[in-house]
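**Q** Modelling step: build the complete structure from the supplied sequences, incorporating the hints.
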Amino acid sequence: MTARDNIEDIETIGNPNVENPFISAKNVNVHYGDNHAIKDVSLQIAKNQVIALIGPSGCGKSTFIRCINRMNDTIDIAKITGKISLDGEDIYSKELDPVILRARVGMVFQKPNPFPKSIYDNVAYGPKIHGLAKDRNELDEIVANSLQKAGLYEEVSDRLDESGLSLSGGQQQRLCIARTIAVNPEVILMDEPCSALDPIATARIENLIDELSEKFSIVIVTHSMQQAARVSQRVAYFHLGRLVEVDDTEKVFTNPSHILTQDYITGRIG
Amino acid sequence: MFLGYILLENTENNMSKKNLSLSTQQKVRKSLSSRYKKETLFQYFGLSSLSVGIIFLVIFFYSVLSQGFSAFTQTYISLKVDFSDNLVVKNNKIDSIDSNFDAIIRSALRERFPEVNNRRDRRELYKLISIGAVYQLIDHLDMSPGDVGSREILSFPTSSDVDMYVKGNIDRKLDESKRTISNNQMMWIDELVEKGEIKMKFNSALFSNGDSREPELAGIYSALKGSFLMLFITLIVSFPVGIAAAIYLEEFAPKNKISDLIEVNINNLAAVPSIVFGLLGLAVFINWFGIPRSSPLVGGLVLSLLTLPVIIISSRAAITAIPPSIKEAALGVGASHMQVVAHHILPLAFPGMLTGAIIGMSRALGESAPLLMIGMVAFIVDIPSVITDPSSALPVQIYLWADSPERAFAERTSAAIIILLGFLLTMNLLAIYLRKKFERKW
Chain A
1 MTARDNIEDI
11 ETIGNPNVEN
21 PFISAKNVNV
31 HYGDNHAIKD
41 VSLQIAKNQV
51 IALIGPSGCG
61 KSTFIRCINR
71 MNDTIDIAKI
81 TGKISLDGED
91 IYSKELDPVI
101 LRARVGMVFQ
111 KPNPFPKSIY
121 DNVAYGPKIH
131 GLAKDRNELD
141 EIVANSLQKA
151 GLYEEVSDRL
161 DESGLSLSGG
171 QQQRLCIART
181 IAVNPEVILM
191 DEPCSALDPI
201 ATARIENLID
211 ELSEKFSIVI
221 VTHSMQQAAR
231 VSQRVAYFHL
241 GRLVEVDDTE
251 KVFTNPSHIL
261 TQDYITGRIG
Chain B
1 MFLGYILLEN
11 TENNMSKKNL
21 SLSTQQKVRK
31 SLSSRYKKET
41 LFQYFGLSSL
51 SVGIIFLVIF
61 FYSVLSQGFS
71 AFTQTYISLK
81 VDFSDNLVVK
91 NNKIDSIDSN
101 FDAIIRSALR
111 ERFPEVNNRR
121 DRRELYKLIS
131 IGAVYQLIDH
141 LDMSPGDVGS
151 REILSFPTSS
161 DVDMYVKGNI
171 DRKLDESKRT
181 ISNNQMMWID
191 ELVEKGEIKM
201 KFNSALFSNG
211 DSREPELAGI
221 YSALKGSFLM
231 LFITLIVSFP
241 VGIAAAIYLE
251 EFAPKNKISD
261 LIEVNINNLA
271 AVPSIVFGLL
281 GLAVFINWFG
291 IPRSSPLVGG
301 LVLSLLTLPV
311 IIISSRAAIT
321 AIPPSIKEAA
331 LGVGASHMQV
341 VAHHILPLAF
351 PGMLTGAIIG
361 MSRALGESAP
371 LLMIGMVAFI
381 VDIPSVITDP
391 SSALPVQIYL
401 WADSPERAFA
411 ERTSAAIIIL
421 LGFLLTMNLL
431 AIYLRKKFER
441 KW
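Note that the protein sequences, when read in sequence, are chains A and B. Heads up: the first sequence is residues 1 to 270, going by my numbering. Heads up: the second sequence is residues 1 to 442, going by my numbering.
Derived from the structure by calculation, the hints contain no laboratory data. Where is the CB? At the ideal position from N, CA and C, for every residue including glycine. Heads up, a few of these hints could be off.
[Unchecked claim] Going by beta-carbon spacing under 7 Å, a handful of chain A positions derived as facing chain B:
# : residue
1 : L96
2 : A103
3 : M107
[What the hints assert, rightly or not] Covered by chain A, according to a simulated footprint, are these stretches of chain B (three or more residues, beta-carbon under 8 Å):
# : stretch
4 : 316–329
5 : 335–341
[Claimed, not checked] Per the computed footprint, the stretches of chain A lying under chain B, defined by three or more beta-carbons under 8 Å from a beta-carbon of chain B, are:
# : stretch
6 : 46–57
7 : 114–123
8 : 126–138
9 : 173–180
**A** Have a look at this one:
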């Protein structure tokens, strides 16, 4: 039996652990009914770091990041075991309110999903519900700031009351990023944020990720190897629910240790 | 296009003669004709079904409109009345008990036709005028009391038989005994028509009066108001309850056997015959809760039961139509479940919910069977002023009038149907307008 077939008892190779872990997942298993979507994944993520999760479709990378902000809670049949902690705090403990967690761990989705409201209201929504702004001026400031950080402010500053849906796809995605950072989270999860965008919009988002990594820890799921190579410091390769290999980006792309990683990167599976 | 198609077929025939084994292209071409034939056949079938539907609709509208429109006018006779006699004035007010208003009208008629002098003929003469004329006289004197002592020309509604005769609904060639109007009366009417003393006016009684045994006095106002009060109750009961139920079922209810059972039951409830709801209303609302029978309150509650499943089903459809990405987006920035519902799901689904509610309400407006069970079929003359007053409803009024033997009620039945249809149409147009206005493309 070759290493390619013997997926069931893979030990993660590389360096799943970091020195000062901010997010730490230990022996995480996710079941969707009978489907064992994530198998015994342990992974640590450091602060102000971009980690890219790569792997073929259905390998569990999206499921994994949805565990980090407990988005899987909305799926009735999802069952999660193991332990994930954020800054030392168990996020699945009974005391922790997912609302607080999601204010700390923001998420950008695959398809741009602005609310059918004005650009302003889209960004202001998070600060409003969390009561982050004392008055209208402060809220204005947060909105302008977030749009600036998302690199959208110049394009929309004169039409903040227009619908968020009137923007182009790339602008919508940046609006969603602005909406996420308006709450000032510590971690941003990105689930294939560029898969619905054209190359120019993609490039803008990638630059943005670079800038954002100075302030936030970013976990990005991507199908594009180039993107992973461009934006991330570490890469984790998932295969059929297992974390096969995780290491520094350069190491994984130049010298992958596991045969499956090698196959995927060279385009033999995917 | 068709020519080209024939040409194609010809070349294809030639080709198949040349070589027996057909290429894919040829096979495709060969199958084309039968495919098009099926399509044409289906189109004809659809067209003919559509025409059958349209023909019936046209027949229905024609019969209702042609019969009903004449009910919107009413025949009036102009008479010179003498206010100097028969009136008793006490304390500067006309005493309605001692005054003989009947006599005023009768003497006016006698004056108009002085040649009629035997008792039998006079009685026939008096029957030309509606018994409601007296009330009109009283109203007139209330409005202008200065007319006492003078002579005025006033117009009075005729009795329904005269009205029917003038509108041409009574065949004058029939034997006198088979007509509701006598030869003498015909003669007088003809004379009045000739002299221009009989006129058609807008039938305001139809809109301002309650029900009556006399067709010319019968109106739909009481039924209309009853219907509106009922719809009001239905709206304020079933709309919030329906929306709350839909949101709970869609968003909060755990997915298990019990919620499945509830779901199936709600869907079945929408198909329960409406009379069953009437029986339920009779048993629960009237006998148990003691709500007064035939009141808009009990009617509205029964109709709420009827509308509730419709609203729940359409509201749930409106909620499911919201893309889950919106919900995820709100959850992603840290909105609680209730905030997601209040800030996003409810506003986005509201137009759909409203449309469903209006459609449910228009169904409730046209419903008569359950109302029969709760006593709204009673003959009610008074206009309901509060929701516990006895009242009628439009469809029930139609049923009652359709049951009446007088010829004049037939046209009033159709008129009431026209009014009901008008309201239904308005409500459905409103629903379409709201749907179009708030329709959102994702």
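**Q** If any of the earlier hints don't hold here, list their numbers in rising order.
**A** Going through the list in order, the structure violates hints 1, 6 and respects the others.
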